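With these hints in hand, go ahead and build the complete structure from the sequences.
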Amino acid sequence: MTIKDLSKKYEFYLFIIIISLCILFTFCTKEFLTIENFLDLLTNYSFLGIMSAGMLIVLISGGIDLSFTAIATISEYMIALIIINYSGNLLTAFVVSCCIGIILGSFNAFIIYYFKAPSLIVTIATLNIFYGFIILVTKGRWIYNFPIWFRETKNIFEFTSGNGTEYGITLPVLLLLFVFSITYILLNHTFLGRKIIAFGGNQEAARRMGFNILHITIFVYAFMGFLAGVGAISHVLIVQTVQANAIVGRELEVIAAVVLGGASLAGGKGTILGTILGVTLIAIMWNGLVLMGISSYWHQVILGLIIIISVISSAYSSRKSILGGTKIDIK
Amino acid sequence: MLIVILIFLTILFSIFLPGKVFSVGNFQSMAYQLPELSILAIAMMITMLSGGINLSIIATANTSGIITATILTRLITADSGNSFYISVIAILAGWTAAFLIGIVNGFIIAHIGVSPILSTLGMMTVLQGLNILYTKGYVISGFPPEILFIGNGTILGIPFALIIFLIIAFIISILLDRTPFGLSNYLIGSNETASYLSGINVKKTLIWTYAISGLLCGVASTIMISHFNSARAGYGASYLLVTILAAVLGGVNPYGGLGKVSGLVIALFILQIASSGLNLLGVSTHFTKALWGIILIFVIGLRNIKFKNNIKKLI
Numbered sequence: 000m001t002i003k004d005l006s007k008k009y010e011f012y013l014f015i016i017i018i019s020l021c022i023l024f025t026f027c028t029k030e031f032l033t034i035e036n037f038l039d040l041l042t043n044y045s046f047l048g049i050m051s052a053g054m055l056i057v058l059i060s061g062g063i064d065l066s067f068t069a070i071a072t073i074s075e076y077m078i079a080l081i082i083i084n085y086s087g088n089l090l091t092a093f094v095v096s097c098c099i100g101i102i103l104g105s106f107n108a109f110i111i112y113y114f115k116a117p118s119l120i121v122t123i124a125t126l127n128i129f130y131g132f133i134i135l136v137t138k139g140r141w142i143y144n145f146p147i148w149f150r151e152t153k154n155i156f157e158f159t160s161g162n163g164t165e166y167g168i169t170l171p172v173l174l175l176l177f178v179f180s181i182t183y184i185l186l187n188h189t190f191l192g193r194k195i196i197a198f199g200g201n202q203e204a205a206r207r208m209g210f211n212i213l214h215i216t217i218f219v220y221a222f223m224g225f226l227a228g229v230g231a232i233s234h235v236l237i238v239q240t241v242q243a244n245a246i247v248g249r250e251l252e253v254i255a256a257v258v259l260g261g262a263s264l265a266g267g268k269g270t271i272l273g274t275i276l277g278v279t280l281i282a283i284m285w286n287g288l289v290l291m292g293i294s295s296y297w298h299q300v301i302l303g304l305i306i307i308i309s310v311i312s313s314a315y316s317s318r319k320s321i322l323g324g325t326k327i328d329i330k
Numbered sequence: 000m001l002i003v004i005l006i007f008l009t010i011l012f013s014i015f016l017p018g019k020v021f022s023v024g025n026f027q028s029m030a031y032q033l034p035e036l037s038i039l040a041i042a043m044m045i046t047m048l049s050g051g052i053n054l055s056i057i058a059t060a061n062t063s064g065i066i067t068a069t070i071l072t073r074l075i076t077a078d079s080g081n082s083f084y085i086s087v088i089a090i091l092a093g094w095t096a097a098f099l100i101g102i103v104n105g106f107i108i109a110h111i112g113v114s115p116i117l118s119t120l121g122m123m124t125v126l127q128g129l130n131i132l133y134t135k136g137y138v139i140s141g142f143p144p145e146i147l148f149i150g151n152g153t154i155l156g157i158p159f160a161l162i163i164f165l166i167i168a169f170i171i172s173i174l175l176d177r178t179p180f181g182l183s184n185y186l187i188g189s190n191e192t193a194s195y196l197s198g199i200n201v202k203k204t205l206i207w208t209y210a211i212s213g214l215l216c217g218v219a220s221t222i223m224i225s226h227f228n229s230a231r232a233g234y235g236a237s238y239l240l241v242t243i244l245a246a247v248l249g250g251v252n253p254y255g256g257l258g259k260v261s262g263l264v265i266a267l268f269i270l271q272i273a274s275s276g277l278n279l280l281g282v283s284t285h286f287t288k289a290l291w292g293i294i295l296i297f298v299i300g301l302r303n304i305k306f307k308n309n310i311k312k313l314i
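So the sequences go chain by chain: A and B.
Counting from 0, one number per residue, gives the positions in the first sequence under numbering that gives the first Met the number 0.
Counting from 0, one number per residue, gives the positions in the second sequence under numbering that gives the first Met the number 0.
Don't take every hint at face value.
[To be verified] Footprint (simulated), chain A over chain B, 3 or more residues, beta carbon under 8 Å: (1) 111-121; (2) 216-228; (3) 247-255; (4) 285-296.
Derived from the structure by calculation, the hints contain no laboratory data.
The structure displayed is predicted, hence computed values, not measured ones.
Cβ atoms here follow ideal geometry from the backbone N, Cα and C, with glycine treated the same way.
Here it is in structure tokens:
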């Protein structure tokens with residue numbers, strides 16, 4: 000692949016932006032280019048990454064899901080219930096959390112499919128339903144009395160750095176890698192993935208091809224729910240507390256990351272590589288801003304600008320490619 | 000159907016809460032709450048009619064309110080005699096800001112071709128961020144009596160805000176039903192390509208749609224800040240779901256092209272009666288929120304069944 004081919008790719012530009020941001024932050028702050036910071040970043044943004052993979056699939060299928068944060072919150076309370084009240088182990092918590100995600104995600108899918116309603120409106124409604132009920136049941140209580148073994152199952156490979164601080168690859172990071180790889184395989188190497196892309200590209204065409212639209216819809220939203228369950232586990236492992244308002248409201252960050260990665264709401268477009276780069280860009284940007292000591296009030300403004308600029312640029316590039324397609328070569 | 004629900008609710012609350020929901024006091028408080036929500040719902044509705052959505056209505060309203068409030072509190076001091084002109088300027092400045100935000104939304108959607116969900120979502124985030132950045136989460140308060148009159152005063156016993164709302168509902172329903180702009184807006188909602196091919200200036204119409212939506216947010220914000228006697232970044236955060244719910248309940252097709260202001264107004268009455276009834280019953284606000292979600296899904300389901308039956312009849 001030559002530079003000319005690369006320059007046509009959206010991901011290439013993202014990569015250049017990330018590299019230049021890294022160089023900028025390395026010069027501006029001492030703490031940025033250290034292995035501790037890198038591993039911390041990876042752990043802290045694993046939740047964002049896991050959710051983004053699910054959102055990518057939903058966006059590729061031509062839908063949108065805003066209710067996953069509420070699903071993840073419900074899963075977190077269930078994890079806490081299992082581990083604290085029933086003294087279950089991590090695996091049962093994981094399985095139950097994912098099952099809740101799959102069930103609630105399928106609920107979204109059924110409504111979207113049978114009521115023929117826009118996914119945005121349905122998931123705004125279910126966000127309020129799920130979140131309203133979980134607050135009603137738990138009264139918004141904070142839970143932080145996790146057993147000691149739970150607090151210590153964080154690092155998998157531990158090693159000590161030169162100055163004596165211990166750090167390691169954490170379980171959330173492994174979950175993140177797992178999620179990215181299954182999403183990659185799903186999109187690029189399975190028939191189902193191809194179906195989802197085709198469905199997002201043109202729903203009517205996909206239906207007439209004989210694809211079972213119900214199955215695809217259920218799979219897409221259940222997958223999002225499943226990843227909300229995985230994300231819930233990783234989030235609980237990182238923060239060691241369960242609180243009702245920790246995740247709800249972070250939908251935008253996830254959508255921003257995926258859209259930044261080149262996915263479009265029109266469906267049928269988006270790659271896992273782009274999403275990974277989008278998440279990386281947001282993570283590095285946040286981290287750099289914090290290290291440079293910029294007020295957190297700015298974060299939301301910058302997030303919004305990222306969303307607007309990235310949707311505008313991707314709309315421009317897709318329009319260019321359509322115009323480019325109509326060019327007639329006289330020679 | 001909506002009228003039936005309204006009558007049903009009336010009977011239900013008369014039995015369970017006799018003399019409470021339908022008391023003069025409750026009606027008055029409803030008459031003060033209804034206008035700001037209703038104007039925001041109209042702002043949401045006209046974009047939904049064009050097949051889009053405007054998620055930035057609340058943020059736009061708060062930005063506009065904060066601008067108005069800043070001008071009011073900065074310019075009016077104890078010794079400046081007549082505060083009337085300053086109030087007018089402040090309100091117009093807020094409306095202009097809201098109108099410009101709407102134009103930017105419309106431009107991004109119509110000319111650049113970004114989906115309405117994403118561009119208004121981005122706009123919402125930017126505006127919310129700016130609001131918090133500017134106010135630092137504090138409240139801006141202290142308005143002259145002219146401003147307070149808008150949200151709290153009455154003319155012949157009718158709340159002034161309610162009169163504003165009725166005028167706006169009237170203007171918008173004329174605009175939608177009797178003008179080329181309104182009809183093009185409906186047509187774009189049902190089929191954008193067809194309207195483009197039949198010679199409608201889709202881009203111009205869409206920009207106007209979002210600009211009007213923005214302007215309505217500005218008007219709602221004036222009533223809102225006057226009602227609360229303050230402006231803040233977080234007012235009306237729970238209104239977004241309710242405005243979508245009211246629009247869909249009032250018969251607006253979530254994919255665009257169908258819906259009337261009259262349906263929306265009845266839907267808003269239903270929601271207002273239901274919410275004050277639930278409030279008087281002592282139901283938790285979180286439950287109410289969940290209930291709104293359930294009703295929204297239920298209504299969408301009913302619409303779909305009705306739509307299928309209509310198609311069967313046609314065939």
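If you check each hint against the structure, which ones fail? Per hint list: single violation, 2.
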